[in-house]
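Chains as they are written, first to last, in our numbering: chain X, 1 to 292; chain V, 293 to 555; chain P, 556 to 836.
Because the hints were derived from the structure by calculation, they are not lab data. The structure presented is a predicted model; accordingly, all values stated were derived computationally and were not measured. Watch out, some of these pointers could steer you wrong.
DSS-like cross-link-like pairs, simulated, lysine-lysine; straight-line CA separation at most 27 Å [to be verified]:
| id | chain 1 | residue 1 | chain 2 | residue 2 |
| --- | --- | --- | --- | --- |
| 1 | X | Lys238 | X | Lys122 |
| 2 | X | Lys260 | P | Lys572 |
| 3 | X | Lys58 | V | Lys504 |
| 4 | P | Lys731 | V | Lys526 |
| 5 | V | Lys438 | X | Lys78 |
| 6 | X | Lys179 | V | Lys504 |
| 7 | V | Lys526 | X | Lys122 |
| 8 | X | Lys105 | V | Lys467 |
| 9 | X | Lys238 | P | Lys683 |
| 10 | X | Lys86 | V | Lys526 |
| 11 | X | Lys78 | V | Lys526 |
| 12 | X | Lys76 | V | Lys526 |
| 13 | V | Lys504 | P | Lys572 |
Computed Cβ-Cβ distance ranges for the label pairs, DEER-style [what the hints assert, rightly or not]:
| id | chain 1 | residue 1 | chain 2 | residue 2 | range |
| --- | --- | --- | --- | --- | --- |
| 14 | X | Ile70 | V | Leu495 | 30 to 38 Å |
| 15 | V | Lys439 | P | Glu563 | 39 to 47 Å |
| 16 | V | Ile372 | X | Gly67 | 54 to 62 Å |
| 17 | P | Glu824 | X | Glu237 | 19 to 27 Å |
| 18 | X | Ser147 | P | Glu563 | 30 to 38 Å |
| 19 | P | Arg671 | V | Phe320 | 26 to 34 Å |
| 20 | V | Leu437 | P | Arg774 | 46 to 54 Å |
| 21 | X | Thr9 | P | Asp574 | 41 to 49 Å |
| 22 | X | Glu61 | P | Glu824 | 24 to 32 Å |
| 23 | V | Lys439 | P | Arg774 | 27 to 35 Å |
| 24 | V | Ala502 | X | His221 | 27 to 35 Å |
| 25 | V | Thr465 | X | Ala280 | 52 to 60 Å |
| 26 | X | Arg123 | P | Ala814 | 52 to 60 Å |
| 27 | V | Leu437 | X | Ser242 | 41 to 49 Å |
We put the CB at the ideal spot given by N, CA and C, even for glycine.
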Amino acid sequence: MEIKINHLTHIYQPNTPFESLALSDVNAVIPSGAFVSIIGHTGSGKSTLVQHFNGLLKPTEGEIHVGDMIISSSTKNKDLKALRKKIGMVFQYPEHQLFEETVEKDICFGPLNFDVPLEEAKRRAREALELVHLPESILDRSPFELSGGQMRRVAIAGVLALEPEAIILDEPTAGLDPKGRRDILDLFTRLHKEKGMTTIMVTHNMDDAALLSDQVIVMDHGRCLMQDRPEIVFSEEKTLTSLGLDLPRAMRFLRKAGQKLGQQWEEPVFSTEKAAETIARSFVRKKGGDRS
Amino acid sequence: MKLIIGQFVPGDSIIHRMDPRAKLITVFIFVFIVFLANNPWTYGFLLAFTVLGILVSKVPFSFIYRGLKPVLFIIIFTFILNALFTRQGDVLISAGWFQLTTAGLKQAIFISIRLLAIIVVTTLLTLTTSPIAITDGLETLLKPLKKWRFPVHEFALMMSIALRFIPTLMEETEKIMKAQMARGVDFSSGSLVKRGKAIIPLLVPLFVGAFKRAEDLAMAMEARGYRGDVGRTKFRLLKWHGRDTGLLSVLAVLTAALILMRG
Amino acid sequence: MSRERLIEVKDLSFRYKADAPLSLDRVSLEVYAGEWLAIIGHNGSGKSTLAKCLNGLILPETGTVLVDGLNTRDEDAIWEIRRRVGMVFQNPDNQFVGTTVQDDVAFGMENHGIDRDEMVKRMASALKLVNMEGTENREPHRLSGGQKQRVAIAGIIALQPSIIILDEATSMLDPKGREDVLSVMHELNKTKGITVISITHDLDEAAGSDRIIAMEKGRIVLSGTPREVFQHPERLLELGLDLPFAIKMRQALSEQGIAVSPDAFSEEELVEELWKLKSTI
Numbered sequence: 001m002e003i004k005i006n007h008l009t010h011i012y013q014p015n016t017p018f019e020s021l022a023l024s025d026v027n028a029v030i031p032s033g034a035f036v037s038i039i040g041h042t043g044s045g046k047s048t049l050v051q052h053f054n055g056l057l058k059p060t061e062g063e064i065h066v067g068d069m070i071i072s073s074s075t076k077n078k079d080l081k082a083l084r085k086k087i088g089m090v091f092q093y094p095e096h097q098l099f100e101e102t103v104e105k106d107i108c109f110g111p112l113n114f115d116v117p118l119e120e121a122k123r124r125a126r127e128a129l130e131l132v133h134l135p136e137s138i139l140d141r142s143p144f145e146l147s148g149g150q151m152r153r154v155a156i157a158g159v160l161a162l163e164p165e166a167i168i169l170d171e172p173t174a175g176l177d178p179k180g181r182r183d184i185l186d187l188f189t190r191l192h193k194e195k196g197m198t199t200i201m202v203t204h205n206m207d208d209a210a211l212l213s214d215q216v217i218v219m220d221h222g223r224c225l226m227q228d229r230p231e232i233v234f235s236e237e238k239t240l241t242s243l244g245l246d247l248p249r250a251m252r253f254l255r256k257a258g259q260k261l262g263q264q265w266e267e268p269v270f271s272t273e274k275a276a277e278t279i280a281r282s283f284v285r286k287k288g289g290d291r292s
Numbered sequence: 293m294k295l296i297i298g299q300f301v302p303g304d305s306i307i308h309r310m311d312p313r314a315k316l317i318t319v320f321i322f323v324f325i326v327f328l329a330n331n332p333w334t335y336g337f338l339l340a341f342t343v344l345g346i347l348v349s350k351v352p353f354s355f356i357y358r359g360l361k362p363v364l365f366i367i368i369f370t371f372i373l374n375a376l377f378t379r380q381g382d383v384l385i386s387a388g389w390f391q392l393t394t395a396g397l398k399q400a401i402f403i404s405i406r407l408l409a410i411i412v413v414t415t416l417l418t419l420t421t422s423p424i425a426i427t428d429g430l431e432t433l434l435k436p437l438k439k440w441r442f443p444v445h446e447f448a449l450m451m452s453i454a455l456r457f458i459p460t461l462m463e464e465t466e467k468i469m470k471a472q473m474a475r476g477v478d479f480s481s482g483s484l485v486k487r488g489k490a491i492i493p494l495l496v497p498l499f500v501g502a503f504k505r506a507e508d509l510a511m512a513m514e515a516r517g518y519r520g521d522v523g524r525t526k527f528r529l530l531k532w533h534g535r536d537t538g539l540l541s542v543l544a545v546l547t548a549a550l551i552l553m554r555g
Numbered sequence: 556m557s558r559e560r561l562i563e564v565k566d567l568s569f570r571y572k573a574d575a576p577l578s579l580d581r582v583s584l585e586v587y588a589g590e591w592l593a594i595i596g597h598n599g600s601g602k603s604t605l606a607k608c609l610n611g612l613i614l615p616e617t618g619t620v621l622v623d624g625l626n627t628r629d630e631d632a633i634w635e636i637r638r639r640v641g642m643v644f645q646n647p648d649n650q651f652v653g654t655t656v657q658d659d660v661a662f663g664m665e666n667h668g669i670d671r672d673e674m675v676k677r678m679a680s681a682l683k684l685v686n687m688e689g690t691e692n693r694e695p696h697r698l699s700g701g702q703k704q705r706v707a708i709a710g711i712i713a714l715q716p717s718i719i720i721l722d723e724a725t726s727m728l729d730p731k732g733r734e735d736v737l738s739v740m741h742e743l744n745k746t747k748g749i750t751v752i753s754i755t756h757d758l759d760e761a762a763g764s765d766r767i768i769a770m771e772k773g774r775i776v777l778s779g780t781p782r783e784v785f786q787h788p789e790r791l792l793e794l795g796l797d798l799p800f801a802i803k804m805r806q807a808l809s810e811q812g813i814a815v816s817p818d819a820f821s822e823e824e825l826v827e828e829l830w831k832l833k834s835t836i
């Protein structure tokens, strides 16, 4: 499902002494089936932006096209519910939303709110649990007895059980240990690749943004500064640095190594493997040159 | 998210800078001496004191009005009640059962001034004093109660921690509401029963979160050496200035005037 | 060279409930004055429990914990132990007690009965050390996570401790907040000689420490300098941990046939190695 953002402006608490401009004339497109990362430092408007995609916030000005729906300041609240069914949202620390007595009830909660029949909801719960790699045996357990990583996966299963067409992730790995982090990222990469799910991820991790996404949106002070393929966004070193954003680790390493070795390694390279290839190429060329 | 705790409006007027103890004592005594007034002169004094307070505090009238709004109804109601049911003096207007007498009108005006004065003066206290300063003032003023085992320190600490966590919990509430809305909860429409039910997915996580916070906080406090009131010193220092003595003197003069001039 | 031992843990075991498995299983370790010790391990490996034993928030079931010779079981010594061993917790919000920055920094000093004039002095210098001067009257909800953690550090510094434990203190922060907190801690470690024990998932941070301890199921399973510990990358992955970037880079380079010495474990050393290799070609 394509999401198109046209001249979106959002003002918090308008006409009060606390009025503040959170988004200002944002234009962007999330192509159907794409994996899009949104980067920017804290307070740049990333979270405010994505909360418009499933109608948790309404534009002050401008509009958002989600599939064939249009959301503007005059959209009625009851129409937003249909939108939320299509677009799932995983908040930061989603385990904080768990409340039911059992894991099963909690996962079924969303589908039941959208009038999915109970049997179907239960079927979805099992399926979602499998997607997040948790055993069916925990269905009857209280979500509050689980470990932190498991709780997070149950909460994610609760969103997946809505069977959304697109999913929004607001820093989905915050606070997890490295293994938990890998598990969650693998899960969403898989969903994106296998089910073609449109995925929108807000992240502070430049490596994740570079490695996982088709498109990167750069936010700053409520404005969308750039939207492009990661190779192009991360070539704009000066812009990113001025925003207090880093380059991916591999690129930083290449620059450091290049300085010492007298090489201009400035191409966008995101993985250690690709960085090693770049370095290896220069070694081989030199060898070849020696031989001749 | 931005919000004001209580109604405190930061400022730099002489009233803002007064010791919270002086202001608390004043409001406390004022509430009593209001009842001494019983003729135009004495009510005039009360009004004068109140208006002077507002002017000196430099708090815009609009803020005072906002504080007054929720209780305005009560004032009007009391006014009407007194106007209708006091049947002494000359009749001013009469229409069937309805009768407005001079005494009734006078009574209504006086009672309204009383209420108004009490409410405005207390509002002025909360508008010009930060909640934490009020807590400090109360803690110091209530200290003598410790002799009777009243947990003054714990009470004050509880108040200040509550103040500290109000914004955090508000933010959390908003977050959980949004998370549940994303899962299809509708907080704003439907029957009363339906809406009541919608509160559960909000309240449970909120309580679970609050308990977790309380646990964490208790541990952090212990790690930082908190062991109750024993051997504790205090950083916040209340200083009594000339202006505070001044305030109490004005209050004493007002009290004396009320006693002397009442009929 | 014998270094001054600040903390001595001997055969420490602990469990949360009588019928629960051991959270700490006969742990012994020593912490030396002035070092930066990183404790790594996945969630539930016992590292946070261990940290809470070091300042007597948790008392051992068996075994002993001595801080500067004081036993955490000794009720008369516990407050002095907690003054000497400060602790920054994971959630910035849940440890901020005061309604303003200065109230929060003062909280620990008030508890320890420090004279008000002295408090004022210490507060000024503590806030300066964590780069938070000028924020005295700021309320916590107007501070970022990183700023709140630095205020927490200031509150500890004001008690003049010898050790600061960071219990996953940067895990909820954004990159900028994390960097600010860590650079303040490195500064304190270097200039004030404060011993740092950092419980962390961040292997890149651990790579910059003096010594690493890895935990699994309540036991210490690896220990040594980062150089020693990172000799066994497979072992770290088995423990559910990650590898520091430099180690991943080293592996990628050797897969490309660039034989970097397995000794190189920091980015600087890798670059140095590459430079050496290149000049021999």
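Against the structure, the hints come out as follows:
The hinted pair formed by X:Lys238 and X:Lys122 fails the criterion: a straight-line CA distance of about 51 Å is larger than 27 Å. For the given pair, X:Lys260 sits about 56 Å from P:Lys572 by alpha-carbon distance, which is inconsistent with the 27 Å threshold. Proposed proximity of X:Lys58 and V:Lys504 is contradicted: the alpha carbons are some 32 Å apart, above 27 Å. Of the supplied pair hints, the one linking P:Lys731 and V:Lys526 is violated, its CA atoms being roughly 34 Å apart against a limit of 27 Å.
For the hint pairing V:Lys438 with X:Lys78, the CA-to-CA distance comes to about 56 Å; that exceeds 27 Å, so the pair is violated. Proximity of X:Lys179 to V:Lys504 is assessed by CA-CA distance (about 24 Å); at most 27 Å being required, the pair is judged to hold. Note on V:Lys526 and X:Lys122: the hinted pairing is violated, with a Cα-Cα distance of about 58 Å set against a maximum of 27 Å. The hinted pair formed by X:Lys105 and V:Lys467 meets the criterion: a straight-line CA distance of about 21 Å does not exceed 27 Å.
The hinted pair formed by X:Lys238 and P:Lys683 fails the criterion: a straight-line CA distance of about 31 Å is larger than 27 Å. At roughly 56 Å between alpha-carbon atoms, X:Lys86 and V:Lys526 are farther apart than 27 Å, so this suggested pair is violated. Pair hint X:Lys78 plus V:Lys526 does not hold up; C-alpha atoms about 54 Å apart against a cutoff of 27 Å. A hinted pair counts as satisfied when its Cα atoms are at most 27 Å apart, and X:Lys76 with V:Lys526 does not qualify at roughly 54 Å.
At most 27 Å may separate the alpha-carbon atoms for a hinted pair to count; V:Lys504 and P:Lys572 meet this at roughly 19 Å. For the pair X:Ile70 and V:Leu495, the beta carbons lie near 34 Å from each other, so the given range of 30 to 38 Å is met. The supplied range of 39 to 47 Å is met by V:Lys439 and P:Glu563, whose beta-carbon atoms lie about 46 Å from each other. Between V:Ile372 and X:Gly67, the C-beta spacing of about 58 Å keeps the proposed range 54 to 62 Å intact.
Between P:Glu824 and X:Glu237, the C-beta spacing of about 25 Å keeps the proposed range 19 to 27 Å intact. Remark: the range hint 30 to 38 Å for X:Ser147 to P:Glu563 is upheld by a beta-carbon distance near 31 Å. For the pair P:Arg671 and V:Phe320, the beta carbons lie near 28 Å from each other, so the given range of 26 to 34 Å is met. Between V:Leu437 and P:Arg774 the beta carbons are some 53 Å apart, a value that agrees with the proposed interval 46 to 54 Å.
Between X:Thr9 and P:Asp574 the C-beta distance comes to about 58 Å, which lies outside the given range of 41 to 49 Å. For the hinted restraint 24 to 32 Å between X:Glu61 and P:Glu824, the CB-CB distance of approximately 54 Å leaves it violated. Here the CB-CB span from V:Lys439 to P:Arg774 is close to 54 Å, at odds with the stated 27 to 35 Å. In this structure the hint that V:Ala502 and X:His221 lie 27 to 35 Å apart at CB holds, the actual value being about 34 Å.
Taking the beta carbon of each, V:Thr465 and X:Ala280 are about 55 Å apart, inside 52 to 60 Å as hinted. Against the hinted window of 52 to 60 Å, the Cβ-Cβ separation of X:Arg123 and P:Ala814 comes to about 55 Å, which satisfies the hint. Between V:Leu437 and X:Ser242 the beta carbons are some 59 Å apart, a value that contradicts the proposed interval 41 to 49 Å.
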